[in-house]
Each structure stands twice: as structure tokens, then as C-alpha cells.
Amino acid sequence: MALKRLLFVFAALVLAAIAAWLFFVVVTTNGITDLHFVQIGLLFVCCIWLSWGFNTALVGIFSRDRLPHPERRPAVATSRTAVLMPVYNEDVRAVFARVAAMYEELRRSPDFERFDFYILSDSTKAENVAEERRVHDMLVADLAAAGRLYYRNREQNVGRKAGNIADFVTNHGGAYDYMLILDADSLMRADTIVEMVGRMDEDPELALLQSQPLIIGRRTPFGRALQFSAALFSPIFSRGIAALQGHEGPFWGHNAIIRVRAFAASCGLPTLSGKPPFGGHILSHDYVEAALLARAAYKVRVDPDLEGSFEEAPSNIIEYAKRDRRWCQGNLQHARLLPAPGLKSWSRISLIAGIMAYLASPIWLMFLIVSLLDPVLAPEPNYFPANSLFPVFPQAETNKALLLLFGIFVLLLLPKTLIAFGSAFTERRKSFGGTGLVLAGAFVELILTSILAPIMMMFQSKAVYEILVGADAGWPSTDRDDDHMPVSVAFRASWWMVLSGAAVLYASYAYAPDLVLWTLPIALPLVAAPLMISLTGNPVLGDGLRRLGLFTTPFEAHPESVIRASSHWRSRLATLDAAARPRKAAMERTEGLPDPA
Amino acid sequence: MTTLANDLSVRDDMNCGAIIGRADLSDDVVIDALKERLASNERSEDAESLIGAAMAGDREAISFMRTIKVPAPNVRLAMPTQPLHREAQRRGFGLSSLRFSWARR
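As they're listed, the protein sequences go chains A and B.
Heads up, the first sequence is in our numbering, so the first residue is 1 and it goes up one at a time.
Heads up, the second sequence is in our numbering, so the first residue is 1 and it goes up one at a time.
In short, the hints are calculated from the structure, not lab data.
Bear in mind that the values here come from a model prediction, so they are computed numbers and not experimental data.
All C-beta atoms, glycine included, are put in the ideal place defined by N, C-alpha and C.
Treat each hint with caution, since some may be false.
Short derived list, chain B residues pointing at chain A, Cβ under 8 Å [stated by the list, open to error]: (1) Gly21; (2) Ser26; (3) Arg43; (4) Ser44; (5) Ala47; (6) Ser49; (7) Ile51; (8) Arg59; (9) Ile68; (10) Val70; (11) Ala72; (12) Asn74; (13) Arg76; (14) Met79; (15) Thr81.
Pairs of lysine to aspartate or glutamate residues, derived as EDC-like cross-links and limited to a Cα-Cα distance of at most 20 Å, are as follows [stated by the list, open to error]: (16) Lys35/B - Asp142/A; (17) Lys69/B - Asp472/A; (18) Lys35/B - Asp137/A; (19) Lys69/B - Asp481/A; (20) Lys322/A - Glu205/A; (21) Lys322/A - Asp472/A; (22) Lys430/A - Asp577/A; (23) Lys69/B - Glu131/A; (24) Lys69/B - Asp577/A.
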């Protein structure tokens, strides 16, 4: 494992160094300025990050899944598991529909008696809390789930989600061997849940087992592209992560099962000194908890072969950026934890990788700005250097420039291309609608992500800037509805990108006309950002793509029973609610009447 | 376990909570939960007699018992706060009698 990791890091550094050297040769053909060193440094850092992703994908492509060992499981399993659904001002009916779907499916399993369900509410809005209590009451009655389905609301949501889980562990955790942590939008197949418990039973040293959640239920073009990309590429990338991280694997905060006592003993999180964004409660607690479990000599693992693990995702770029802002703050906060005593080296590297996931955007942005400034500030070429009677013309390094461009494209595109072709011509294609639809989906996804890349870069750079100047993201709940995204709303969120894009176009036209064509792929999406955000967040357009079969995923083409049950329960809860309301209203009216006496 | 979907059997040594697989609950808690459910369903039956019927194996009473809301099992665990910062250490060099040192976090 150590050699594999060393090779991995070495390869990333070598690839980045080659890119930096090629760039150095190209830009310094006609002399070196201070700006060139800045440019080369920024490109080197960016390329390390690119190579990191490229290598992870390659490892994933060439690795095999770890095989489970059912023979090591106890003949009579007695472990008890709590299925935890933390909620925070969410769509109540949608949350309880998912719980009901999983509960109902698990009830058909012979292992059902070993599971309890908890809805751990941190909701702060009175109407949400009242609705949650009412729907819980209704569901316990409808599912006959007395003593199996619990609900509690914390009045003070200290420590946010990590505090919510800690509250469960300290009050109820002792009654369970494992806890399956979900998110409010999580959905898992019953046999996957049972299999995860089995894998925990196999290995007493395994403290955390992460599944690969795939995205479901999106309608907008943006949401469906995310969904398609996650279904096609994520399992392979996760296999790469699993192969590299081994027993110091990742925790993504949900759709993972945890050994409760190991967690209680190792994962009590301190409050960091100082104010947010860098002080206060640890926001991205999951990475830290994984690192703490590894520090306590437990195994933390991701098993990408575990299917039937789902989540939803933001359906438009603005909601995605809102979530990213929160995650960005949490990951940058990890910078303070890098020197924490006793952490495994790979845990520290994972924390750095998490930080780089957000720092990469402002670094790319700075690289682009410096690259635009370079020709503007460059001195006029000197055709008659000292001691030369004849003019010396600037040398072109076109071949090296093209080689560098080609190399960056390879790092960016090769993994996805290999996975797309690997899926298009194997059995996997059938679940995605066939060879043509896999390739078309991958191609359109590539175009879409390329167009949206400058917009995402700007959102992430803004997030990093805000955090560095001390602005706290707070804890906004994520809106997962596929509502229409009007251009006016998109414009309010992205007007500054329009100005930035226009400024880049004007500046390059005025000061470096040769660069105008090169700036178009970045400047045009920025100028058109409101339109792009609105169009990609349009559910009607998404429905059109679905009719064409574009971005078909296995779970959309042939939804699994738990997905179907979840949407069935959503309607059923509405019906139950409608039936319960007149009775409740009548009771309230009676209670409100003056005493006839 | 009477909480199993198709198991309506009742054991002789059961308490009220055991009917719903929660033998750890006191009878008072179960009776209160049952009263609450009876009230919300606008049923006027006596909670004790309904429990008695459930204990005697009455299917309808057992099914109704399974609709009550009871508190979650309360088995506490300690969760000690983990150190994530290095303690301030003195690092130095030189002879023990003449030492140059500085605080390092």
C-alpha cells in the first residue's frame, strides 16, 4: 500500500512538473519576467490537482472491487442497528416518504427485528417541527411501527449535524452496535443495508463502511447531467479512492454505517477556538471523523460495489453553489486540523485534497488573470540585443505549446473518455439505454460541464474569498425541488460574473487582440451566466432531454422498488394527511368553542 | 417478539412494553402512550383493558398497541472530546544548563 501511494504521489508530481516545464519553455521563449514565475507556480499547483484526479480515475479503472467474506459472519447475527435520518427544515413529506419506503422494504427482510429508525430533527421553523411530529405520528400508526420508529427534535441545534448525531450517540447509542447515517435526501435498498451490517459483522476492526451514493430524482438539465455523471463515472472514481485510501478511507457524511462504540470513543469533536469561518464548530465533520477513527486504529473503508445507495442533489447551479459554499468553508477549516497529533499520513493528505478541491478554482482564476496580464505588461521585443548586428526575431514554441495543451486535455478528459467507452461497449451500456445514449450523454455532459466550468470557478473563488475575509456561511437548508429558475433570479446571483466576463472580453480586445479567441471559452459563459443558470435549471427542458433519452440512468429507466416505494409513499402521505386534517380541524374547532356552560 | 409483522403470539412473562418489543419500558409509559393514541383516534376504550386484551392475545388489540408512540431506548454512551491540537511544547537546543528554547504549538 505504501509503495502504491508513493507511486501515486510521485506520478502526480512528475506530470505536474512536466506541464510546468513545457509551460516554462513556451512562455519564456523571449525572456523571463517575474510574472512568469507566478504563472508557472500557479500552473504547477493546478496540474498537481489535475493529475491527482487523473491518477485516481486510472487506479479505479484498473482496480477490482474488494470481495466480501460472508463466511466470517456470525451464524446467528445479533447486532442491532439504528437507521438515522437527520433533518433540518426539509420537505417533511419527502423525508418521511423515504423513511417509510426503507422501513417497509426492510420489514420484508428476516433481519428486520435488528433495525430501528430515528428521525433526528434539528429543524428550527415551528411549522416544520409541528409537521414532522404530525407525520411521524401518522406514520407510526400506519406502519404499526411502535417501538421501531422514533422522532425527536432538538430545541438547540448545538454542533449542527455532527452535534445531532452526537446527541443520538450519547443518549441512545448504547442500545445499538451500528448506526447507519443517512441524509435527509438519502434512500437505500434494504438488502444493501443488511449487506452493510453483514460486512461490519465480518470485521470487528471495521469502524466505518461508506457506500457510494448515486443521484436520483432530478428533472432539470443540470440535475440530470449530475445524475448521469454520478451513475457513469462515480463508481469507477470511488474504486480508485478505495484502492488508494485502503483502511484510511473516506466518510462522506451519509449513506455509511458506523460502529457506535468506536465512534463514541474516538469522534467527540472539539469546538475550535475563535470565530467562524475558521473557528467554532467543525463544519465538514465527516472527513475529521474518518481521520479520528483511523487514528484510533480502526478501519474506515469505502466499498464501491455496494449498490442501491441513493441521494438527491441540488437541481440548479445556485442551490449547488449554496451547498458548495458551506462545504468550502468546512474544508478550508480543516487547514487548522492538519497538524492534529497522531493522524495517519493519508488522513492528512485526504484533508489537503479536500482543501484543494476548493482552492483549485481561485488558483486557476489567478493563473488566468496573470496570463492575461502577461502580454499586456510584457516589454516590447528587442530585435537588436547587445553585440548583435542582425535582428533576432522572437522564437515560436508552437510544438511545445500544443504538447502542453494536449497534455492538459488528456488529464482532463481521458479518464471520463475511457470510462464512457468502457461502458458503451460492455454489458453496462444496457442499463444506460445503449451504446449511442452512453456516448451521447457523456459527450453532452462534457460540453455542458466545460461551458459551466467558468461559472463554477467563479462561484467557488467567491466562496474562498468570502471565507478568507471572515464571512460565515451559516447553515442554510438545501432546496432540492425542481422548481423553474427565472432569469431574473439567476441574474441576481450572477450579475458580477456578467461584468467580469465583459471586462475580460473588453480588456483582451483592447490590449491583447491576439488573445480574444483564447478568452472566449471563459468569457462567453460568464457573460451568459444568468441565461445558462436559468436554462440548466429548467425542468421543462430537462423533461425534453429525458424524452430524447439523453442522460438516461439505470435508476431512471428502471427505478428500483425502493425508489418507486418512496414516490408511492409521498402520495400516500398526502392522502393520509388529507384524511387526518378534517378530523384535526374539527377537534381544534371544538376546542376553540366557548364553554357552553 | 410481537413486533414481528406476522407474529401475534404472546408470552406468559410479558410486560406491557414487551407487546411492542420494548420490555425495557415501564407499564406506566406504555399506558400513557396508549391513552394518547386512543385520544387521538377518538376512541373511548379503557387503556388498561385494551392492554389486558393484548396480553391475552387479542389480535386487534395487539395491532392497535403497535400504533402507539413510545420513547426511544435510553442507553447512554460517553463521547469524550478528542484532542485535535498539539499541546504547547518546549523545543530547544544547547547544554542543559544554558538552554535556548521557544514555545511551539
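Status of each hint after checking the structure:
no. : hint                : in the structure
1   : Gly21               : 5 Å, holds
2   : Ser26               : 14 Å, violated
3   : Arg43               : 12 Å, violated
4   : Ser44               : 14 Å, violated
5   : Ala47               : 14 Å, violated
6   : Ser49               : 18 Å, violated
7   : Ile51               : 13 Å, violated
8   : Arg59               : 12 Å, violated
9   : Ile68               : 5 Å, holds
10  : Val70               : 6 Å, holds
11  : Ala72               : 4 Å, holds
12  : Asn74               : 6 Å, holds
13  : Arg76               : 6 Å, holds
14  : Met79               : 4 Å, holds
15  : Thr81               : 4 Å, holds
16  : Lys35/B - Asp142/A  : 17 Å, holds
17  : Lys69/B - Asp472/A  : 39 Å, violated
18  : Lys35/B - Asp137/A  : 14 Å, holds
19  : Lys69/B - Asp481/A  : 31 Å, violated
20  : Lys322/A - Glu205/A : 37 Å, violated
21  : Lys322/A - Asp472/A : 12 Å, holds
22  : Lys430/A - Asp577/A : 40 Å, violated
23  : Lys69/B - Glu131/A  : 16 Å, holds
24  : Lys69/B - Asp577/A  : 18 Å, holds
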